[in-house]
Amino acid sequence: MARLIVYYAHPGQRFSRANAAMAKAARSVDRITFVDLYAEYPRHDIDVDREQQRLLDHDVILFQFPLYWYSTPSLLKEWQDLVLQHGFAFGHKGDRLAGKRMMLAVTAGGADDAYTAEGYQNFPLRVFLAPLEQTARLCGMSFTAPYVLYGALGATETDEIPRHSKGFADLLTAIRDDLYDFTSADSREIVRFDDLPVLQRS
Amino acid sequence: MTDFLLIAFVFLVAGVVAVPIATRLGLGSVLGYLIAGIVISPLLTVLGVDVMAIQHLAEFGVVMMLFLVGLELEPRVLWAMRTKLLGLGGLQVAGTTAAVMGIAIALGQPWTIAVAIGFVLALSSTAIVLQTLNEKGLMRSAGGKSSFAVLLFQDIAVIPMLAFIPLLAMPELMDAAQGLASATGHGAEAALAGESHAVDAGEGGGHAGTFSLVAGLNGWQTALMTMGAIGAVILGGAYLTRPVFRFIAAAGLRELFVATALLFVIGIALLMIAVGLSPALGTFLAGVVLANSEYRHELESDIDPFRGLLLGLFFITVGAGIDFALLFDRFGVILALTLGLIGLKFGVLMLLGWLFRLPGGDRWLFSLGLAQAGEFGFVLLSFTVANRVIPQPVADQLLLIVALSMLLTPALFILHEKLVSPRFAKMQERDPDTVDETGDIIIAGHGRFGGIVNRMLRAAGYSTTVLDYNAAQLDLLRAFGFKVFYGDATRPDMLHAAGIDKARLLVVAIDGKEQINAIVHYVRKTYPHVKIVTRAVDRHHVYDLFAAGCTDIVRETFDSSVRTGRTAYEAMGMHPFEAEQLARKFAEDDRHVLQEMAEVFDPDIPTGQNLAYIEKTRTLMEERDAQIFGKSQAFDTQANHGWLPPSSRDTEAVMARHAQQAKSD
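These protein sequence lines map, in sequence, to chains B and U. All residue numbers for the first sequence refer to the numbering used here, where the first residue is 693 and numbers rise by one. All residue numbers for the second sequence refer to the numbering used here, where the first residue is 49 and numbers rise by one.
So that you can see chain B by itself, here it is in the shape it has in the complex (with noise of 0.2 Å):
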């Protein structure tokens, strides 16, 4: 069984719909930790040694939020900037995070066929996250596929975010029993709702 954090970071959560049956769907998963970070730092006051040992405590760490500016919102950028500490996450003797996982749940407003060189926002979405993937590569963590949903803004409540809900609930349940399949979702560039690479029970 793996140990699996979910940290989800929104600031609006008032005007949030696909996030917001996410962050409900992820909730009902049990012997996971999921961690709202908005409501507990609602003042970016970060409690550094706390956040650490939950890493310390977890094998894979999950981060989910709305993409804001090609990027996290800004307290999870701030949780990085403080958590991910010299001497703990990288750098000499900082390989207190090596071997865990990484891996992304974002949502973007932008349509699946914007993010592509033809499309308007030029670049594939991947470009955009590879920030986080370097800083997870700097940590020594492996970092795999993100769970994606293109065009957040215009899914429609009837079907889209259901499904999409309901498949983070089943990737996290998969992830937590050891029957997501990290192979093949690390040869892929994103993971969506209708194709999980999950395991059968044995």
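Treat each hint with caution, since some may be false.
Said to hold, decoys possible - List of simulated lysine to aspartate or glutamate pairs, DMTMM-like, C-alpha gap at most 20 Å:
{"no.": "1", "chain 1": "U", "residue 1": "Lys664", "chain 2": "U", "residue 2": "Glu644"}
{"no.": "2", "chain 1": "U", "residue 1": "Lys561", "chain 2": "U", "residue 2": "Asp650"}
{"no.": "3", "chain 1": "B", "residue 1": "Lys716", "chain 2": "U", "residue 2": "Glu618"}
{"no.": "4", "chain 1": "U", "residue 1": "Lys633", "chain 2": "B", "residue 2": "Glu810"}
{"no.": "5", "chain 1": "B", "residue 1": "Lys858", "chain 2": "B", "residue 2": "Asp886"}
{"no.": "6", "chain 1": "B", "residue 1": "Lys769", "chain 2": "B", "residue 2": "Asp722"}
{"no.": "7", "chain 1": "U", "residue 1": "Lys184", "chain 2": "U", "residue 2": "Asp549"}
{"no.": "8", "chain 1": "U", "residue 1": "Lys711", "chain 2": "B", "residue 2": "Glu810"}
{"no.": "9", "chain 1": "B", "residue 1": "Lys716", "chain 2": "B", "residue 2": "Asp862"}
What the hints contain is simulated information worked out from the structure, not anything from laboratory work.
Using the hints provided, position chain U relative to the given structure of chain B.
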């Protein structure tokens, strides 16, 4: 009664007229008093006033001054200056005495008289020098500190000198003194010392009303008694004063505090006289013991007016005591001797300053400042005459020399200020010894409000001076190791004692609108350079403080109320981050309204007649009502204005722009 009032009136008029004029002319208060004394001296002669008797009384001002100096000096500081005290002070007294003695012998005086003259002229004027250094703010400079060390040593040295002088009595003049000495045998020395200090404390002739605890005791008993008295002052100061002052403070009467402080100083002086020690030394010691006390600033502000008045009186009597008939009779000789004395003392001091590596400007200040003879010289002179060591005619001339040199001292300080100081001004700036030692921050009020501010400032490494007048609270804080002083912060003299003139910041954390207003108005007006952070009781109080010129105004319960509102939001299930944003927005709006209202508020116009204020209130009230009673959302949150992904229309526009660019390429 009328006589007394008349004399008091003459002295007061002289001081009140002469001192402000002298100060305005840049001569300093001491010269002002001296001139006042000279001017009224014929009048005093007509009135038949015994100037010398008054002078002895006024010498008590020196005792008070040393008490105040002691208060400023913590024991550890005193210990740190031991080298200067013994080295610099000891060499100055020994060197000057020897030099003066040599010259006196060369001028044909017998060696016994020459030694006595050396003693008399080696001493400098504690009263003039400390007063002037304080006035000019030079006490904390290297020169000021060295001067103080020498003066302190001199004040102590008077005691053995008084013991030694009778032994110099000239055979042909000393019959009476010798008889006294042999009668009391081994105790003679102590008895004489006790007697002499009665002179010191204003007993006049030195033979009447002597009160002594050591008369008739032998050597070791005297020593034991003396040690006991010093021990009593130290232990009493350390352990007894606090409960006594707390008891007095509980009565809440200001004049009782003044009375207690006076009682304290006079009591110690009496005790010291009784065991044959200098009262100045005793009160100085008591001051040092109390330097760490929380009542220090209170004592300072209570005693200070008395010290000022008595010293002023003392200087006037010095001026009035000059024997002009004798002076004009032998003007050339006396002036030459005075200038010679100043030159000699100056030379010895310059040499010592060089020896002790005083920096240039400070060496000049030190040497010019201490070049005069002092008030203890008068004491020694009357004592030497009484003991028939120095003949009366010589003593009269010496008296003139001492007085004239004191009269010239302000001129020497002016010389330093105008000629020497500018030359060394640049060096002085770099001199680390001139760094101010008092706290930069004064916190008025150390209750639940000021206490937090103090803890925060201290935690960040700032040095603070705290004033509070709740004795019980102070004891508690003392127990936790906080440095706090007893006193009513709304009193200007109290603020002054705490060093408001040198402070950078004043935090007003006391209770009560009126008290806060009083302190803010006073400091804004008198010390405009001091920044003020003040507590406000309510909204209206903010307007008052804003009108008084404060900008850093903190409402005492506002922040905690906002936090309570935010916690209530969270308790109702609101997301903590949203609660935080709403609370921030609310506080920002409220502060904005407050500032707008404060700007139209005018303390000189009744609120009911201030049209701008009424108009502003009306419009702001409407906005407020819309917020509170409106159905719409009260505040816009940042999340509404936060990042939003581009809409489909936005993306179409972007794509169109791309297409256009592609075509033009």
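Right, here's what the structure says about each hint:
1. U:Lys664 - U:Glu644: Satisfied, since the Cα-Cα distance of roughly 8 Å is no more than 20 Å.
2. U:Lys561 - U:Asp650: With Cα atoms ~17 Å apart, lysine 561 (chain U) and aspartate 650 (chain U) stay inside 20 Å; holds.
3. B:Lys716 - U:Glu618: Holds. Lysine 716 (chain B) to glutamate 618 (chain U) sits at ~19 Å (cutoff 20 Å).
4. U:Lys633 - B:Glu810: violated, 42 Å
5. B:Lys858 - B:Asp886: holds, 11 Å
6. B:Lys769 - B:Asp722: violated, 27 Å
7. U:Lys184 - U:Asp549: Holds: lysine 184 (chain U) and aspartate 549 (chain U) sit about 13 Å apart, inside 20 Å.
8. U:Lys711 - B:Glu810: This hinted pair holds, its Cα atoms lying about 14 Å apart.
9. B:Lys716 - B:Asp862: Answer holds: lysine 716 (chain B) to aspartate 862 (chain B) is near 13 Å, not above 20 Å.
Hints 4 and 6 from the list above are not met by this structure, while the remaining hints are.
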